[in-house]
Amino acid sequence: MNIDYDAAFDKYNTRYEEHLGAKPIGAYAKFNKHMIKRLDREEFDGHLDKYVQLHGACKRMLDGGSTISDALVHDFEEAAAWVAVQAPDLYSMFRGEIGDPKEAAPEMAP
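Under this note's numbering, the letters of the sequence shown match residues 41 to 150, in that order.
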């Protein structure tokens, strides 16, 4: 996946402020059940990569009919929180409604 990190960071800032309000970089807030820090541009890329990686792993496991462990679900939900994305609930994931990682990680224009 060829991610447009600049566009993704802009979307992150919009989502963050919608859900948590205008907070300075480095401030902590609770997003659902996870404490997250408002990320700067440098920190954001790594968290976005982790979210996209875990999203892909969950999707592959669900598509393949594998059971997903509680630990993986927790890691996925936490990774989503760090990029200010509402992770789908467990029941939706089992129905295959895992969402689209491109919402948080848009692709670069060709």
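Bear in mind the hints are in silico, worked out from the structure with no lab data behind them. One thing to keep in mind: the hints can contain errors.
What the hints assert, rightly or not - When the alpha-carbon atoms are kept at most 20 Å apart in a straight line, the in silico EDC-like pairs for lysine to aspartate or glutamate are as follows:
1) K63 / D50
2) K51 / D80
3) K77 / D115
4) K77 / D103
5) K70 / E147
6) K73 / E147
7) K51 / D89
8) K90 / D80
9) K142 / D89
10) K51 / D85
11) K99 / D80
12) K142 / E58
13) K51 / D103
14) K142 / D110
15) K142 / D46
16) K90 / D46
17) K63 / E83
18) K90 / D110
19) K73 / D103
20) K63 / D115
21) K90 / E147
22) K51 / D110
23) K99 / E83
24) K77 / E117
25) K70 / D80
26) K51 / E143
27) K77 / D46
28) K70 / E57
29) K63 / D80
30) K63 / E147
31) K99 / D110
32) K73 / D50
33) K63 / D44
34) K90 / E143
35) K73 / D44
36) K77 / D50
37) K51 / E118
Results of checking the hints against the structure:
no., hint, result
1, K63 / D50, "holds (15 Å)"
2, K51 / D80, "holds (13 Å)"
3, K77 / D115, "holds (16 Å)"
4, K77 / D103, "violated (32 Å)"
5, K70 / E147, "violated (28 Å)"
6, K73 / E147, "violated (29 Å)"
7, K51 / D89, "holds (15 Å)"
8, K90 / D80, "holds (16 Å)"
9, K142 / D89, "holds (12 Å)"
10, K51 / D85, "holds (13 Å)"
11, K99 / D80, "violated (28 Å)"
12, K142 / E58, "holds (19 Å)"
13, K51 / D103, "violated (28 Å)"
14, K142 / D110, "violated (24 Å)"
15, K142 / D46, "holds (13 Å)"
16, K90 / D46, "holds (17 Å)"
17, K63 / E83, "holds (16 Å)"
18, K90 / D110, "holds (17 Å)"
19, K73 / D103, "violated (27 Å)"
20, K63 / D115, "violated (24 Å)"
21, K90 / E147, "holds (16 Å)"
22, K51 / D110, "violated (29 Å)"
23, K99 / E83, "violated (25 Å)"
24, K77 / E117, "holds (15 Å)"
25, K70 / D80, "holds (17 Å)"
26, K51 / E143, "holds (8 Å)"
27, K77 / D46, "holds (19 Å)"
28, K70 / E57, "holds (13 Å)"
29, K63 / D80, "holds (12 Å)"
30, K63 / E147, "violated (27 Å)"
31, K99 / D110, "holds (15 Å)"
32, K73 / D50, "violated (24 Å)"
33, K63 / D44, "violated (24 Å)"
34, K90 / E143, "holds (15 Å)"
35, K73 / D44, "violated (28 Å)"
36, K77 / D50, "holds (16 Å)"
37, K51 / E118, "holds (18 Å)"
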